[in-house]
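**Q** Sequence:
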Amino acid sequence: MGFSLWNLFKAGLLVTNAGLILNRNRFLAKYGLDDVQNMGCDPSERPLQAQAIGLLQAVQYLKVPIIAANGLTIIFEMLLGGA
Numbered sequence: 001m002g003f004s005l006w007n008l009f010k011a012g013l014l015v016t017n018a019g020l021i022l023n024r025n026r027f028l029a030k031y032g033l034d035d036v037q038n039m040g041c042d043p044s045e046r047p048l049q050a051q052a053i054g055l056l057q058a059v060q061y062l063k064v065p066i067i068a069a070n071g072l073t074i075i076f077e078m079l080l081g082g083a
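Per this note's numbering, the very first residue in the sequence shown carries number 1; after that it's consecutive.
There is no bait here: all hints are sound.
Using C-beta positions, here's what the derived DEER-type ranges look like:
(1) Leu80 with Gly12: 10 to 20 Å
(2) Ile75 with Ala52: 25 to 35 Å
(3) Ala29 with Leu62: 20 to 30 Å
(4) Leu48 with Asn25: 17 to 27 Å
(5) Ala11 with Gln57: 18 to 28 Å
(6) Asn25 with Ile75: 26 to 36 Å
(7) Arg24 with Ile67: 12 to 22 Å
(8) Leu14 with Gly81: 14 to 24 Å
Bear in mind the hints are in silico, worked out from the structure with no lab data behind them.
Built from N, CA and C at the ideal position, the CB exists for glycine as well.
Model the full assembly from the supplied sequences, consistent with the hints where possible.
**A** Below, the structure is given as structure tokens:
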């Protein structure tokens with residue numbers, strides 16, 4: 001696997017997919033990452049945790065574009081052989 005833009009795109013797509021499948025109630029609530037109001041402290045005291053919560057909430061809006069990107073990636077990999 002070489003270092004190319006296509007491989008960087010696929011790696012970013014995999015990371016985004018991983019963020020999308022995290023269930024807010026079952027998984028993220030255990031670690032206090034489900035909502036900024038449920039952090040248990042002021043968001044300015046833990047800015048990194050607040051940023052992580054914001055990122056996970058923002059990724060939820062990417063569901064439809066990520067489904068399309070997954071489909072295009074699968075088709076492209078099938079046509080070109082997945083090198």
